[in-house]
Every structure is written in C-alpha cells, then in structure tokens.
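Quick mapping for you: the protein sequence lines, in order, are chains A and B. The first sequence begins at 1 in the numbering used here and counts up one residue at a time. The second sequence begins at 1001 in the numbering used here and counts up one residue at a time.
Careful: at least some of the hints might be erroneous.
Stated by the list, open to error - Listed next, the in silico DMTMM-like pairs over lysine to aspartate or glutamate satisfying Cα-Cα at most 25 angstroms (straight line): (1) B/K1057 / B/D1018; (2) B/K1057 / B/E1044; (3) A/K70 / B/E1044; (4) A/K26 / B/D1018; (5) A/K26 / B/E1044; (6) A/K69 / A/E15; (7) A/K26 / B/D1056; (8) B/K1057 / B/E1085; (9) A/K56 / A/D83; (10) A/K56 / B/D1101; (11) A/K70 / B/D1101; (12) A/K69 / B/E1044; (13) A/K26 / A/D66; (14) A/K56 / A/E15.
As the list claims (entries may be wrong) - A few chain A residues that don't get close to chain B, going by computed Cβ distances all over 10 angstroms: (15) P8; (16) G16; (17) S28; (18) R41; (19) G42; (20) E53; (21) H57; (22) G59; (23) R60; (24) K70; (25) A81; (26) T84; (27) G103; (28) A109.
To be verified - FRET-style restraints, in silico, Cβ to Cβ: (29) A/A81 / B/K1017: 23 to 33 angstroms; (30) A/V44 / B/E1014: 44 to 54 angstroms; (31) B/L1039 / A/G94: 25 to 35 angstroms; (32) A/E5 / B/R1022: 28 to 38 angstroms; (33) B/S1053 / A/L75: 32 to 42 angstroms.
Just so you know, the hints here were simulated from the structure itself, not pulled from any lab data. Even for Gly, the Cβ is constructed at its ideal location relative to N, Cα and C.
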Amino acid sequence: SQQGEEDPQALSIQEGENATMNCSYKTSINNLQWYRQNSGRGLVHLILIRSNEREKHSGRLRVTLDTSKKSSSLLITASRAADTASYFCATDYGGATNKLIFGTGTLLAVQP
Amino acid sequence: GAGVSQSPSNKVTEKGKDVELRCDPISGHTALYWYRQSLGQGLEFLIYFQGNSAPDKSGLPSDRFSAERTGGSVSTLTIQRTQQEDSAVYLCASSPRVPRDTQYFGPGTRLTVL
C-alpha cells in the first residue's frame, strides 16, 4: 500500500499551545497536501506544498517538506478549541489522475 | 459560490440491496473523484473522471462498484448487492482544469449496510 503514515495518531493539548503533526510517505511525490476533517465528514483543504518547496505558511499553519526523508510536518501555532479535528496528509504522485493517497490521520483535541 | 454537494447525506440499506450515491461537483470543474473512508481502510481512492477521457477505475474494490458521470458534471456511484463491509463514508471531490492539483471535497454520504 502507498498509504502514508502519520504520527501521532492522537494529540491532546491546551489552548494556546502549538500542535505538530508528522507525515511520512513512500515514493517521490508531485505535491503533498494537508486536510482537516470535522466529525468524520467533509475534508477541508488547508495547504499544498510542492515537491520543490521546503516550507509554506498560511495563517497559523506552517508546513515543511523534506523530500530526502520523505516526510512532512504540519505545525498549528497558538491553537484554539475550534482546531479540534482530524488532520490528514495526502500525497499526489502526479501522473494522469492526481489522485490523492491519504495518510492515517492525527486526531487533535484542543482543550479550552 | 456553491461547493461540492452530495446526496443523500445518510443512507441505511439492507444487505443485498443496490444503492446510488450522487455527487454534484463545483460548476466548471473538469475533474471528479470518489473516495471512501472506512474504519478499517482509512481514506482510499475509488475512481476518477476527467472530461471525456476514460475514467481511472483502479481503486474500485470489486465489480459491484460502478460510477458514471453524465454530461461532464453530475456523477453517480452505484453499489450493487451491498455488503456490510461497504459501510463507510463516501466522499466526492472535484478540481478545476487549472490548477488541477487542489481537490475540493463534498460533505460525504454515510452508508450503513445492515
């Protein structure tokens, strides 16, 4: 299976703290994306980082990509209770379809 | 603008029955994807449509699963003779021609097979 691995599987922090989630994948990618999912339903696209990029920021989100280690991390700074959700990395290996291969997910709980 | 919509939001069916799940992509998006999220398998790709090209069906788990996309817009995923292991959330996503790499997901259909 090409499915990526994420760690930790679950993370519980206090409001205001930073949360870091990691993702590892198996073969060369076109890009890597992070999604958020609330209550097991629709996925919300957070950020996309291309294989030639090393770091990207969007608001309180910071994503890094290390293609030599085939890994990525998502940092959420100054977390809020509303950030409580599952977070998934998804890799796009390119090709004709751009289908996404999702990681196993990290369940983040931010305690108020 | 309107996002990807899916219907029904929930579907409960009996084992052996056929079900149809519908996806309305974002207007103008040329690519459409179906994914499935289940407890045991996580999020997995099922099928991809792009314009008039032949679909990529490589993710369909069995020949009981089929999908079509009419007029390059609405898509229907059909599961025949449903089994309990088909219980999952079925997610649809669409993406524009440019950039093609960002997918926008619908809210999903939760299918429960009794």
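Going down the list of hints, with the structure as the test:
no.	hint	verdict
1	B/K1057 / B/D1018	holds, 19 angstroms
2	B/K1057 / B/E1044	holds, 12 angstroms
3	A/K70 / B/E1044	holds, 20 angstroms
4	A/K26 / B/D1018	violated, 36 angstroms
5	A/K26 / B/E1044	holds, 16 angstroms
6	A/K69 / A/E15	violated, 31 angstroms
7	A/K26 / B/D1056	holds, 22 angstroms
8	B/K1057 / B/E1085	holds, 19 angstroms
9	A/K56 / A/D83	holds, 19 angstroms
10	A/K56 / B/D1101	holds, 16 angstroms
11	A/K70 / B/D1101	holds, 19 angstroms
12	A/K69 / B/E1044	holds, 24 angstroms
13	A/K26 / A/D66	holds, 12 angstroms
14	A/K56 / A/E15	holds, 23 angstroms
15	P8	holds, 16 angstroms
16	G16	holds, 29 angstroms
17	S28	holds, 15 angstroms
18	R41	violated, 5 angstroms
19	G42	violated, 4 angstroms
20	E53	holds, 13 angstroms
21	H57	holds, 17 angstroms
22	G59	holds, 17 angstroms
23	R60	holds, 20 angstroms
24	K70	holds, 18 angstroms
25	A81	holds, 22 angstroms
26	T84	holds, 18 angstroms
27	G103	violated, 8 angstroms
28	A109	holds, 19 angstroms
29	A/A81 / B/K1017: 23 to 33 angstroms	violated, 41 angstroms
30	A/V44 / B/E1014: 44 to 54 angstroms	violated, 33 angstroms
31	B/L1039 / A/G94: 25 to 35 angstroms	holds, 30 angstroms
32	A/E5 / B/R1022: 28 to 38 angstroms	holds, 33 angstroms
33	B/S1053 / A/L75: 32 to 42 angstroms	holds, 38 angstroms
In terms of the numbered hints stated before, the structure departs from hints 4, 6, 18, 19, 27, 29 and 30, listed from lowest to highest.
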